[in-house]
Amino acid sequence: MKKLIFLLSVLVSFSCSNNAENTQAVDSDQLVTEIISISNDYQQAYITRDWETASKWVSADLGTTIYNSNGSALTVQNEEEVLNSARGWDFGTFEISNQQVFMSSDMATAVITFDADGSINFEEGEQNVPYATRASQTWVNENGEWKVMHSHWSPRTNSQGIPQQN
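Per the UniProt record's numbering: the sequence shown ends with 166, consecutive numbering throughout.
None of these hints come from the bench; they were simulated from the model. Predicted, not measured: the structure shown is a model, and the values here were computed from it. Any given hint could turn out to be false.
[Stated by the list, open to error] Computed Cβ-Cβ distance ranges for the label pairs, DEER-style:
# : residue 1 : residue 2 : range
1 : Asn70     : Gln30     : 32 to 38 Å
2 : Asp41     : Asn78     : 14 to 20 Å
3 : Arg87     : Glu34     : 27 to 33 Å
[Said to hold, decoys possible] Here are the simulated EDC-like cross-link-like pairs (lysine to aspartate or glutamate), alpha carbons at most 20 Å apart as the crow flies:
#  : residue 1 : residue 2
4  : Lys56     : Glu142
5  : Lys56     : Glu34
6  : Lys56     : Asp41
7  : Lys56     : Glu79
8  : Lys56     : Glu145
9  : Lys56     : Glu81
10 : Lys56     : Glu80
Virtual Cβ for every residue (Gly too), placed ideally from N, Cα, C.
Input sequences plus hints: build the corresponding full structure.
Here it is in structure tokens:
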């Protein structure tokens, strides 16, 4: 009986041990700074049509999509889309501001929202067409690496969103 009580007490003590000692603490401020930085880098790679850099944040398993609230179709973000020099337009200017990051409770999913202001130049049309958008991106931590799953862009209140060539 003493052996049984001893065995039960050992089992209870192991089951009550604090596993938090083995868990590394996450610095949420540092994580927010990292998400903002990689989001900026991802956008810059897209703007400059640098697939080699942009692909660091695109998951081969998850994929990445973009949706614009200007009536255009959902776009799959891939090498062809990023390198597409025949899309008929290019960025004149592009500035990101007002970034905010919202984390899931397990710190494995992040949504970043931001404003983007700039201009678009159409190859066979208007130049420096202004736009002002509000964007969001969903990022997931995949095996220790942050990957962008989806971006959404829509016009800001009292602003012109992402223009389309007529």
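Tested hints:
1. Between asparagine 70 and glutamine 30 the CB atoms are about 36 Å apart, so this pair conforms to the stated range of 32 to 38 Å.
2. Range check, aspartate 41 to asparagine 78: about 18 Å between beta-carbon atoms, so the 14 to 20 Å window is met.
3. At about 30 Å, the beta-carbon gap between arginine 87 and glutamate 34 stays in the expected band of 27 to 33 Å.
4. Between lysine 56 and glutamate 142 the alpha-carbon distance is near 12 Å, which keeps this suggested pair within the 20 Å criterion.
5. Between lysine 56 and glutamate 34, the direct Cα distance comes to roughly 14 Å. Compliance with the 20 Å bound is thereby established for this hinted pair.
6. At roughly 10 Å between alpha-carbon atoms, lysine 56 and aspartate 41 fall within 20 Å of each other, so this suggested pair holds.
7. At roughly 11 Å between alpha-carbon atoms, lysine 56 and glutamate 79 fall within 20 Å of each other, so this suggested pair holds.
8. For a cut-off of 20 Å, the pair hint linking lysine 56 to glutamate 145 stands: about 9 Å separates their Cα positions.
9. Distance hint between lysine 56 and glutamate 81 is fulfilled; the C-alpha atoms sit about 15 Å from each other, no more than 20 Å.
10. Taking the CA atoms of lysine 56 and glutamate 80, the gap is about 15 Å. The hint holds against a cut of 20 Å.
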